[in-house]
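Protein chains in written order, with the numbering used here: chain A, 36 to 350; chain B, 36 to 350; chain C, 36 to 350; chain D, 36 to 350.
No wet-lab data here; the hints were simulated from the structure. All values derive from a computational prediction rather than experimental measurement. Be a bit skeptical, because a hint or two may be false.
Note: identical chains are not told apart, hence a pair may lie in one copy or across any two.
[Said to hold, decoys possible] Calculated cross-link-like contacts (lysine-lysine; reagent style BS3-like; alpha-carbon spacing at most 30 Å):
| no. | residue 1 | residue 2 |
| --- | --- | --- |
| 1 | K47 | K204 |
| 2 | K52 | K67 |
| 3 | K199 | K43 |
| 4 | K47 | K199 |
| 5 | K46 | K204 |
| 6 | K42 | K88 |
| 7 | K67 | K204 |
| 8 | K263 | K67 |
Number of protein chains: 4
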Amino acid sequence: MKKNDFKKSLKKVHQIKINKDSTIQDIIEGLKDTGFNAKRLALGCEIYETMIKDADCVKFFGLAGAIVPCGLQGIIHDFVEEGFIDILVTTGANLTHDLAETLGYHHLQGDMNVEEINDSRLHEEALNRIYDVFLPNQAYEGIEDFISNLSIREEQMTVSSFLKLLGEKLPENDKSILKICARRNVPIFCPAFTDSGLALQLGFHHPNVNLNHMKDMLTMVDLAWEAKKAGICIVGGGVPKNFILQSLQFSPNAALYAIQITMDRPEPGGLSGASLKEAISWGKLNEKALYSTIISDASIALPLMLWYLKQAFNR
Amino acid sequence: MKKNDFKKSLKKVHQIKINKDSTIQDIIEGLKDTGFNAKRLALGCEIYETMIKDADCVKFFGLAGAIVPCGLQGIIHDFVEEGFIDILVTTGANLTHDLAETLGYHHLQGDMNVEEINDSRLHEEALNRIYDVFLPNQAYEGIEDFISNLSIREEQMTVSSFLKLLGEKLPENDKSILKICARRNVPIFCPAFTDSGLALQLGFHHPNVNLNHMKDMLTMVDLAWEAKKAGICIVGGGVPKNFILQSLQFSPNAALYAIQITMDRPEPGGLSGASLKEAISWGKLNEKALYSTIISDASIALPLMLWYLKQAFNR
Amino acid sequence: MKKNDFKKSLKKVHQIKINKDSTIQDIIEGLKDTGFNAKRLALGCEIYETMIKDADCVKFFGLAGAIVPCGLQGIIHDFVEEGFIDILVTTGANLTHDLAETLGYHHLQGDMNVEEINDSRLHEEALNRIYDVFLPNQAYEGIEDFISNLSIREEQMTVSSFLKLLGEKLPENDKSILKICARRNVPIFCPAFTDSGLALQLGFHHPNVNLNHMKDMLTMVDLAWEAKKAGICIVGGGVPKNFILQSLQFSPNAALYAIQITMDRPEPGGLSGASLKEAISWGKLNEKALYSTIISDASIALPLMLWYLKQAFNR
Amino acid sequence: MKKNDFKKSLKKVHQIKINKDSTIQDIIEGLKDTGFNAKRLALGCEIYETMIKDADCVKFFGLAGAIVPCGLQGIIHDFVEEGFIDILVTTGANLTHDLAETLGYHHLQGDMNVEEINDSRLHEEALNRIYDVFLPNQAYEGIEDFISNLSIREEQMTVSSFLKLLGEKLPENDKSILKICARRNVPIFCPAFTDSGLALQLGFHHPNVNLNHMKDMLTMVDLAWEAKKAGICIVGGGVPKNFILQSLQFSPNAALYAIQITMDRPEPGGLSGASLKEAISWGKLNEKALYSTIISDASIALPLMLWYLKQAFNR
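Isolated chain A (complex conformation) (with noise of 0.2 Å):
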């Protein structure tokens, strides 16, 4: 491009203005014409709605971090069930989070500022500390309870079947994860499922069972590979991130919209602070893919993802 023309093809930055009558769907568009996060935040905003409106698409959703202990089972909960998320890849944690609320456990709040507050206090009231928000131990007798009971008959039934067996047992919830994937027969894998509560206390009580993780590694191939047209939200990085661009990897064509929100940084190496651009190398995100990696905690950014949708698709 010529001197005057490229600087002529770049657009404004627009200074935006909020009313108190503002919809989040004009913040979004006005962030949209600003620059760092806030214009990542939109411009994520909006590939998620292209993505939902993309007939072809199958949309993978990567979910790391303690996203129920924070309070947002029930965004993810409607991510689904407004058929936003047609695969889940999340870790154990999650899932024994959400089991636990499910079955009517529930997180506390606590305000590390207190001084009285402190984790020898914490350890003798078996309150369980993940950064602000305490689980009672009660919790985890809970879930053993459940958990022991479960008749399971295929002893080598994969991590997702088992997930699904989990959901079709709990009781109706109108936020629990487990639950709304199996009735919305959205997958749940999880490659790291022997790295949690539930999986330890499946384990104590049916030594016998070993579910075929690797079965579960060449589904999530074969449907990467079906995909029409892929596209992918990851939230937080991990092992979630992983799996779902490694499937990718092995589909003729790769991902065609991504979106990341995430904390980590991309200096030190780790997959969960890395770009989105550097999956085009991989050949796992198409070099023409819409993306954008926002820089948020994703209690901040994915309520507001999901309230934008939710305006844009009128639910």
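Once you have looked at the hints, place chains B, C and D on chain A.
Just chains B, C and D now, kept in the frame of chain A:
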């Protein structure tokens, strides 16, 4: 507190639900019962609201970071116009960029994912990069023009008086920070004024001017001393943060309200990432103060906060 | 503690001086009396030293992050060879990269400041990017070759047994992690094994293999249970961190020594950034444990730590 | 470059090996062929070495962050004493802390894991916290004493002249930054001088003093202009970073060497986290410059760098 009493004193994490018709008031209200930075953002909004309602409270606002290039000039303008800021402390850079925009120049949107954009190319195009925003050199020429034509009678006026003079000379503008502060008599302190393009132009064209920095510093201490109550909102840290805090150290009452929005972290010991709590040890923050540090890009948190406040005060 | 006593109990910050002839022992000794992460690094070195000297201590080492691509394969090898690691928990990615290097393939140095290097170009060149390191596709072909020729008799062996098998089949090598662990009988646990290129090749070529993940999980709990004392070193967090910690939760004695090297931050609630202190509430870390979290790229901290330990033990 | 040529042009990642008898020269040499921040640290050391060897290079050093409280006062002292710094730009805080230590006061080591240490308690004890370091109030009393007894003849002297005066009045000291700079004629610029406890004492006791900040700014531009070649080392960013860079913008030749040590990140757009590369677009850094940004706590990277340089120059 006794064991059971302690546990009972804790509130449940509320699993937030969002509807398409939710308002920003609803969302913030909902996030207040979650965890992590979502909760901190909600607390920050609530504390700012309380601070505004408290007629005795003088609201100190510290603004670092590239707020104007990012497109948030109008956000700060509205904070001032609505009376949400009583005293502004900021960087020379923000004022330089504010001046450029007020004089009719614009920042441009860059896209760091486009391969053909690189810094050597930008240098040839006379575009100065601020992450993903570009400022054309012309803006500096415009500033030079404006400053060189300024008649400065008091060569030893304070920095804040000089900034007021600038605001008075500027045309009406619905986004300019310098203008609205001059019109609303909100003093602007800029302790690192000479660290800016604006100051360079002043120095080049008015070499005998010796703006009095020391007097501003003493005035700031007086303002803190005279405040019945002090409330602070710190965006991005840096010199503005410390300048406000050091003034409060000498006032009889430390700050009673405090909000901080930052992406820096505390462990390396720099002030921008330091917790607000630390300020209690210095006597800058009252130990009974309401305070919240929000780990977020200000480009996301500040617009949400303004939106919330405008709705809360129906403006 | 009384007022004056408290102040007197505090040690002075020692302003460190460095000579050209200082040893790493001197430097770490000096940094112990400073602050911030320098002090934490020094404490980490000292704690590791104590942990090695304590004959009753079982040393659990959690390794996430792209350690091998970065060039630290030999560092981990030496930690194992010197007996500084008793149980290794790591990611499938690190083992995949270790296998590639051990089979004679190499990672390449990239320079992200060179304008002509971009991800589309790298994709054409069949170079897969990990921040500023590139892995040629050939490495994956080599891994495929090796795995496809493997004869696997026990289709339901555990992941750790499979990894031991790999180590046994590999040629002698003075940097290979898989090899030295096999030779030294240091078990490798890899809970998210299926999240790796290595697992994909295993699945593609041996579709009936169903590596037992659950049994590894239970074995790990036993190892934690049987340890007289437990010490942990966590690099980068992720699944390895939680897998070690969840095992300790069920042992009669929580960890007495703990070191963590991470660049993630605690506020967004993810485990990789969580403080070690938090683990006290869970009963995973003893409230009297010696512990230090070092906020540093492991590529800087780990070599220094190994260097310090080799000097300390004169090896 | 053609396909194969490109791949061939890349160097292998060297898997570093460390012996107990390795020197810091060996370690840095080894890390140069790794990746991530280890490589960046090694490049930074090498660039600094080159910069010192280049007789035409004027070495600008920008120092933000709580370097003196952390225990690195002697490190900076030695950089100056060895001739590794020609012009120092720093914060008022570092000079305040330097003055305190030089007058015989000390910072104290805190331990933020000890439950009984909290900020209210510290406030009662008159201990001011800087992350895990405490500064007793007495230090400020000592500074007040020193400043109030100072006779200042030129009320409009520049900040740098005032700082030189301070250095001259101070007793000999093998760690003091103010002292060694005065003795070695290394000018100290402090654009945000009034943002410091030192400035407050000056203002309280010498209310007519109006230190000339503008003249320092112009002098700094002259120094940059007159430098045959410019090299910069930026620790922690902040005002010192921009003050150096803005001066270089007006020199005929942009910097040819640049090192930056920071823990801030670039995406939120603040200068402290901005890449050095960005400075190329501004004409502050030459597009052919050697440069390296090290993402590390300076408390770790700076001592290593000094150690390396002392060995390299055999001092």
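Each hint, compared with the structure:
Only between protomers do K47 and K204 lie at most 30 Å apart by alpha-carbon distance; the minimum there is 25 Å, versus 55 Å within a single protomer. In the homo-oligomer, the alpha carbons of K52 and K67 lie at most 30 Å apart both inside one protomer (13 Å) and across protomers (25 Å), since each shortest distance falls under that limit. Taking the closest pair of Cα atoms, K199 and K43 never come within 30 Å of each other, the shortest separation being 54 Å inside a single copy and 35 Å across copies. For a Cα distance limit of 30 Å, the shortest separation of K47 from K199 across copies, 28 Å, qualifies, whereas the shortest one inside one copy, 49 Å, does not.
For a Cα distance limit of 30 Å, the shortest separation of K46 from K204 across copies, 29 Å, qualifies, whereas the shortest one inside one copy, 54 Å, does not. Taking the shortest alpha-carbon separations for K42 and K88, neither the intra-copy value of 33 Å nor the inter-copy value of 41 Å comes in at or below 30 Å. Within a single copy, K67 and K204 get their C-alpha atoms no closer than 44 Å, and across copies no closer than 32 Å, so neither meets the 30 Å cut-off. For the identical chains of this complex, K263 and K67 are intra-copy neighbours only, at 29 Å inside a copy versus 41 Å across copies, given an alpha-carbon limit of 30 Å.
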